[in-house]
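Q: Given the coordinates of chain A, work out where chain B should sit on it, guided by the hints.
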Amino acid sequence: MRPPSPSIPEKEFLFSSLKESLRLDGRLPMEIRAPILTFGDDLGWVECSLGKTRVLAQVEGKMVKPLPERPFEGMITIHSEISPMASSEYEPGRPSDEEVTITRMLDKVLKRSDAVDKESLCILAGQRVWHIRLTLHFLSDAGNMLDCACLAGMVALKHFRRPDVEVVGDEVTVHQPTERAPIPLAIHHTPFCFTFAFFSDPAIPPVIDPTQLEQRLSAGVLSIALNAQRELCVLQKLGGVPLDTEEVLKIVNIAVQKAKELNNIVDARLKEDWAGRKVEVR
Amino acid sequence: MGSRVEILNEGGFRSDGRRQYELRDMSIDLSQQGQADGSAVVTHGLTQVLVSVFGPREAKMRSQTIHDRANINVEIDVFVQVLQQDGALLQACINATTLALVNAGIPLLDFVCAVTGGVHSTSPLLDLTFLEENDLPNVTVAVMPKTGKVTLVTMETRLHVDRFEEIFRLAGDAGKVIHGEMKSAVRSRTSTLVTAMGSGSRVVGGEAAEKDGDDRMNEY
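Protein chains in written order, with our numbering: chain A, 1 to 282; chain B, 1 to 220.
Isolated chain A (complex conformation):
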């Protein structure tokens, strides 16, 4: 069910307050909502919320036969279907434009950027590899589900631990988590995604982490995924309001700053959670 377009007073109020660099939720134009990460009992279960936008990520690992053309690599699949739980505008079975965008971006940011090393997922070449399955549940849409989903997915992958496997000749022994401590995935780098919304009036500055209203009234969106080492993984501006080269580069620099801050927040939270779990080492 398509939601009604924003009313004229809503539109005018948003535009006039943005012109004075005031956002409706009190943030500055270049301020993201503080991410809150909640870890579950299982390793690899994370709920990420950016304000009222909430996404749940869950990572599971299974041993399977590898693809014949890639016998030395494991597999990573991402499942991200938006159910009407997120918002009544999403219908089950019919991917909306936004869902397709999110699925494609997640694929680019988490899989194509080689964040997780696939060769380390190989157990027995040509016969047994790990198939890592990342499932994302979109619990609530208050704008910018993409950034929330990328964050949840990435943190879940960092949080996940797979069982330790011993290979002797052709024999594969999987150790229970109670026998041997499970091992984390080999993660090359941690990409974070930031979305900026632009408006048709040049007097209105771009905003980061748009809310639903800002997203609907925007005339263009730029998504940028990068890691804390100043490496851009994905930069996507598909149409929308044309921007100066300088504006784009300014946005990139802001994203670099935010990536560093977010990386520190994520690391701190992961450490905090890990300290709270009882891990026995015999």
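If you're looking for bench data, these hints aren't it; they were derived computationally from the structure. We treat Cβ as the ideally placed atom computed from N, Cα and C, and that holds for glycine. Keep in mind that a hint or two might mislead.
[Claimed, not checked] Beta-carbon label-pair distances, calculated as ranges:
#, chain 1, residue 1, chain 2, residue 2, range
1, B, 25, A, 25, 52 to 58 Å
2, A, 84, B, 79, 33 to 39 Å
3, B, 173, A, 163, 50 to 56 Å
4, B, 146, A, 219, 17 to 23 Å
5, B, 176, A, 163, 53 to 59 Å
6, A, 104, B, 173, 26 to 32 Å
7, A, 111, B, 123, 25 to 31 Å
8, B, 9, A, 272, 40 to 46 Å
9, A, 111, B, 146, 34 to 40 Å
10, B, 9, A, 41, 32 to 38 Å
11, B, 79, A, 36, 44 to 50 Å
12, A, 120, B, 79, 41 to 47 Å
A: Below, chain B without anything else, positioned relative to chain A:
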């Protein structure tokens, strides 16, 4: 053993004999294709794309129209056909679409010119072939030359921010070069058409009409 293709050798030549900043041979064919209102075949080296534009015409699917306005002949359909693929596919598609829209007589604010760029260790390269695209981090940039503003930027491979800035600026400038090619192709096509229309009437009148047409073209 391994005869790996060198992306950029010590002499500064790429695998297809081009220099670092050299763009591939670009050919534009604006002759009519089938029943389309406007069409263009654009070739960048070995990448060839055909775009046909139909419109403005009656909207086929009511769900695509804006509900609170009258919709008479508002739909423009763009059909893109990839004939040959050798890298820089999005670049060719965007350029061909712009030319097809111009050919169909649809009013545009400006041309949209696209080019790809990549970075090989620290050397930026322009207009990548398929081999280069697979090996290097690459970005596609589309600009509107009158204002120099960027309408599309897409990059899906890892690249350091400083390298990105360099190639991004370079690609923006290269877009203007592509614009020059597109403009001259449109001009020559227009003058061919004007000559064909003008033949039969007085020669002087035909020449004056051509000059007027040229002057107006020069504004773009």
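Q: Does each hint fit the structure? Answer for all of them.
A: Hints versus structure:
no., hint, in the structure
1, B:25 / A:25: 52 to 58 Å, "53 Å, holds"
2, A:84 / B:79: 33 to 39 Å, "34 Å, holds"
3, B:173 / A:163: 50 to 56 Å, "54 Å, holds"
4, B:146 / A:219: 17 to 23 Å, "19 Å, holds"
5, B:176 / A:163: 53 to 59 Å, "57 Å, holds"
6, A:104 / B:173: 26 to 32 Å, "29 Å, holds"
7, A:111 / B:123: 25 to 31 Å, "28 Å, holds"
8, B:9 / A:272: 40 to 46 Å, "52 Å, violated"
9, A:111 / B:146: 34 to 40 Å, "39 Å, holds"
10, B:9 / A:41: 32 to 38 Å, "57 Å, violated"
11, B:79 / A:36: 44 to 50 Å, "47 Å, holds"
12, A:120 / B:79: 41 to 47 Å, "45 Å, holds"
In this structure, the earlier hints numbered 8 and 10 are contradicted, and the remaining ones agree with it.
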